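Given next are the chains, with one letter for each unit.
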Amino acid sequence: MSFSGVHKDYRFWCLVLALAAMLALFVHPRERQKRPVYNLAFIVDISRSMNAQDYRLDGSPVSRLHYVKQTLRELLPKLPCQSKVGLGIFTERRSTLLFEPIEVCSGFAELDAAIAELDWRMAWAADSRIAGGLLSALEILRNGDSEVVFVTDGQEAPPVNPRYRTDFSAIKGKLDGMILGVGGLQPVPIPKFNAKGEAAGFYSAEDVPHRSSFGESNLNPEEIEGYDARNAPFGREAATGSEHLASLREPYLQQLATETGLRYHRLTDTEALNEALQTPEFAVQKPVDADVRWKAAVAALALLLPIYGGLLKRYLNRAINRV
Amino acid sequence: MNFAVETPWVLAGLLFMLWPLFDDGVRHSPYPWLDILPPDAFSTGLTVLLRILGMATIAALVLGLAGLHRTEQSIERIGHGANIVLLLDRSNSMDNTFAGRTPDSEEESKAAAARRLLTEFVAGRPHDMLGIAEYSTSPLFVLPLTENKEAIQAAINATVVPALAYTNISKGLAMAMSFFNNRELTGSRIVLLVSDGAAAIDPDSELQLRQWFKQQQIRLYWIFLRTANSPGIYELPTDSRNDNADAMPERYLHKFFTSLNIPYQAYEAESPDAMHKAIADIDRLEHLPRHYRERIPRQDLSALCYQWAAGLMLVLLALKLCEVRR
Chain F
379 MSFSGVHKDY RFWCLVLALA AMLALFVHPR ERQKRPVYNL AFIVDISRSM
429 NAQDYRLDGS PVSRLHYVKQ TLRELLPKLP CQSKVGLGIF TERRSTLLFE
479 PIEVCSGFAE LDAAIAELDW RMAWAADSRI AGGLLSALEI LRNGDSEVVF
529 VTDGQEAPPV NPRYRTDFSA IKGKLDGMIL GVGGLQPVPI PKFNAKGEAA
579 GFYSAEDVPH RSSFGESNLN PEEIEGYDAR NAPFGREAAT GSEHLASLRE
629 PYLQQLATET GLRYHRLTDT EALNEALQTP EFAVQKPVDA DVRWKAAVAA
679 LALLLPIYGG LLKRYLNRAI NRV
Chain Z
24 MNFAVETPWV LAGLLFMLWP LFDDGVRHSP YPWLDILPPD AFSTGLTVLL
74 RILGMATIAA LVLGLAGLHR TEQSIERIGH GANIVLLLDR SNSMDNTFAG
124 RTPDSEEESK AAAARRLLTE FVAGRPHDML GIAEYSTSPL FVLPLTENKE
174 AIQAAINATV VPALAYTNIS KGLAMAMSFF NNRELTGSRI VLLVSDGAAA
224 IDPDSELQLR QWFKQQQIRL YWIFLRTANS PGIYELPTDS RNDNADAMPE
274 RYLHKFFTSL NIPYQAYEAE SPDAMHKAIA DIDRLEHLPR HYRERIPRQD
324 LSALCYQWAA GLMLVLLALK LCEVRR
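Protein chains in written order, with the working numbering: chain F, 379 to 701; chain Z, 24 to 349.
Quick caveat, the hints were computed from the structure, so don't treat them as lab data.
Here the structure is a predicted model, which means the values were calculated and not measured.
Be careful, since some hints might not be right.
[Unchecked claim] DEER-style ranges, computed between Cβ atoms:
id, chain 1, residue 1, chain 2, residue 2, range
1, Z, Phe45, F, Lys386, 14 to 24 Å
2, F, Lys456, Z, Lys237, 39 to 49 Å
3, F, Arg696, Z, Asp323, 39 to 49 Å
4, F, Lys456, Z, Glu346, 52 to 62 Å
5, Z, Asn204, F, Asp523, 44 to 54 Å
6, F, Cys459, Z, Ile319, 37 to 47 Å
7, F, Pro587, Z, Thr281, 39 to 49 Å
8, F, Pro587, Z, Asn115, 44 to 54 Å
9, F, Asp667, Z, Gly255, 54 to 64 Å
10, Z, Ser228, F, Glu584, 45 to 55 Å
[Said to hold, decoys possible] Far from chain Z, by Cβ distances over 10 Å, these chain F residues were calculated:
id, residue
11, His444
12, Thr474
13, Glu478
14, Glu481
15, Ser484
16, Trp502
17, Val586
18, Ser595
19, Pro611
20, Arg614
21, Pro629
22, Asn652
23, Val666
24, Ile698
By construction, the Cβ of each residue, glycine as well, lies at the ideal position given by its N, Cα and C atoms.
Let's have the full structure, built from the sequences with the hints guiding it.
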């Protein structure tokens, strides 16, 4: 008997190398890799016009708010772990934050429930001053590190006087984020609810103001029918219009986006929103310890198999001999 | 014992286990005539062992690659805790100090004091389920009852943004109680109301609230952050004409809560210290046993698989070194 000569067996070397691979596996199991994660704060418009039903889900019409909720809930599992999502609401002229961003994987159930519970009844007042709400959202979030996603249909109610527009210059470019336009371009009626929360028809033209009557008119007094500087700065005629119908005011939102340095995206479906949000501009590269043991394990397996490949070799040999 | 793998398709690699069945991995030596070798039980056993070892090594590697793990489990434990819904007042006045002034560097606002103390409270009660509702003119649903303390903390932190509008307490209470609807909960159910004022409850909601408080068996704590020189809970009217819910909402809300015949405790806090005492009190009182499920995070078994694979390879190598070479 002699043990010499074992080194002439390729199987021996395969085993030694496989063991070396395993050693590498235990020594170097993890590698630091950078992965994009997101930190998003969604501020959702819950004013009345968001009740307008111009989206469809499973064939039946749903309100804009319902569709937004559905989309956000579908978006949650698409975000990589360690991403954070915060939630806030907007109505009147202010935004408020319900909670600061929460990690999406460990807080999935909580986030999902909180989004599902968003309701127009949470509104503490009924106006819809989009620009004011946007400014307050940006002010709330300016010290955080989240990207703001302001979800709205852009319908100012009552309409703004172009003379008194919100000034975003102090905050422009301080924050990255997106204005997410919700709704269809075709005007649709806005549902009305009674004090008990039951549906009570729709808003009619008489229910809503159709122009701003705040301050001075932006028009030249000579052009205003029945102008009186003190008593009727906007004229004597009652304004008529279609402010009782809701449609996505896209040009207005795009203008706001330019003024605030945010992007604009129109909500169509979860997939498109996911793509729009998961851009490198919004991503934070976070070092994650990635498991790289599989590399060494595959190497070890590849080295191990030829040991039992004698059969294969015999067949090969036979085939070669035959030829 | 719930085993699962991360990437199931990798399990197809288990087919490689068949290879050692065709080949024992031993170097073949030429021998003149195999038939003259006597049958040897030991050799046969050794060959079988070699094949089994090879199969096991391959299996261990493939299972490790597939990411074998034990899934997340939960075991029921009994702890001391409660299901608490924090009902926070977000009316404008919460942004003032206890003296009713704009907060400055010396005095913190009522909201800031509430935030600080609630943070301590949450951190000190690991076995509670907590939920958060807020209210001003209308109720806000913030977070459902959860054990995720980080989420609760995030919601408490968010009250740093300016408060909203007025005080509509009855809707807030209704929202807080809705948290317990359709939930099988053991342990006590607590609504912890933190407010700095009250409002009259209209007769319609009063009836509804009475019913819900009874049905849900709720224990109510009211931390009333009293602003200096404002009417307190226990204040008696000096003029009988003022003895109504609109003039003295705090007194009447307290009366309403007392008349519910539910466990109820009011704390009138005129300074952050007094509020601290109230919270310490609740902390001491609410320690009824509560069944809760402790989550055992999933256990990664791939490391174990790789260790086994390496160990088996060592054995194979040792056996390889025992091979006879003529």
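Okay, the hints, checked on the actual structure:
1. Z:Phe45 to F:Lys386: 14 to 24 Å: 23 Å, holds
2. F:Lys456 to Z:Lys237: 39 to 49 Å: Because 44 Å falls inside the window, the suggested range holds.
3. F:Arg696 to Z:Asp323: 39 to 49 Å: Between Arg696 of chain F and Asp323 of chain Z, where Cβ atoms are some 45 Å apart, the hint holds.
4. F:Lys456 to Z:Glu346: 52 to 62 Å: 55 Å, holds
5. Z:Asn204 to F:Asp523: 44 to 54 Å: About 36 Å separates the Cβ atoms of Asn204 of chain Z and Asp523 of chain F, which means 44 to 54 Å is violated.
6. F:Cys459 to Z:Ile319: 37 to 47 Å: Given range 37 to 47 Å: violated, Cβ gap about 19 Å.
7. F:Pro587 to Z:Thr281: 39 to 49 Å: 46 Å, holds
8. F:Pro587 to Z:Asn115: 44 to 54 Å: Once the Cβ atoms are compared, 26 Å apart, the range 44 to 54 Å for Asn115 of chain Z and Pro587 of chain F is violated.
9. F:Asp667 to Z:Gly255: 54 to 64 Å: 56 Å, holds
10. Z:Ser228 to F:Glu584: 45 to 55 Å: 31 Å, violated
11. His444: 15 Å, holds
12. Thr474: About 6 Å separates Thr474 of chain F from the closest Cβ of chain Z, which leaves it inside 10 Å; violated.
13. Glu478: Not fine: 4 Å to the nearest Cβ puts Glu478 of chain F too close to chain Z.
14. Glu481: 7 Å, violated
15. Ser484: 7 Å, violated
16. Trp502: 4 Å, violated
17. Val586: For Val586 of chain F, whose nearest Cβ neighbour in chain Z is about 20 Å away, the distance exceeds 10 Å, so it holds.
18. Ser595: Ser595 of chain F clear of chain Z: closest Cβ-Cβ about 30 Å, beyond 10 Å.
19. Pro611: 29 Å, holds
20. Arg614: Answer for Arg614 of chain F: holds, closest chain Z Cβ roughly 34 Å.
21. Pro629: 30 Å, holds
22. Asn652: At about 23 Å from chain Z, Asn652 of chain F clears the 10 Å cut-off, so the statement holds.
23. Val666: 16 Å, holds
24. Ile698: Check passes; 17 Å lies beyond 10 Å.
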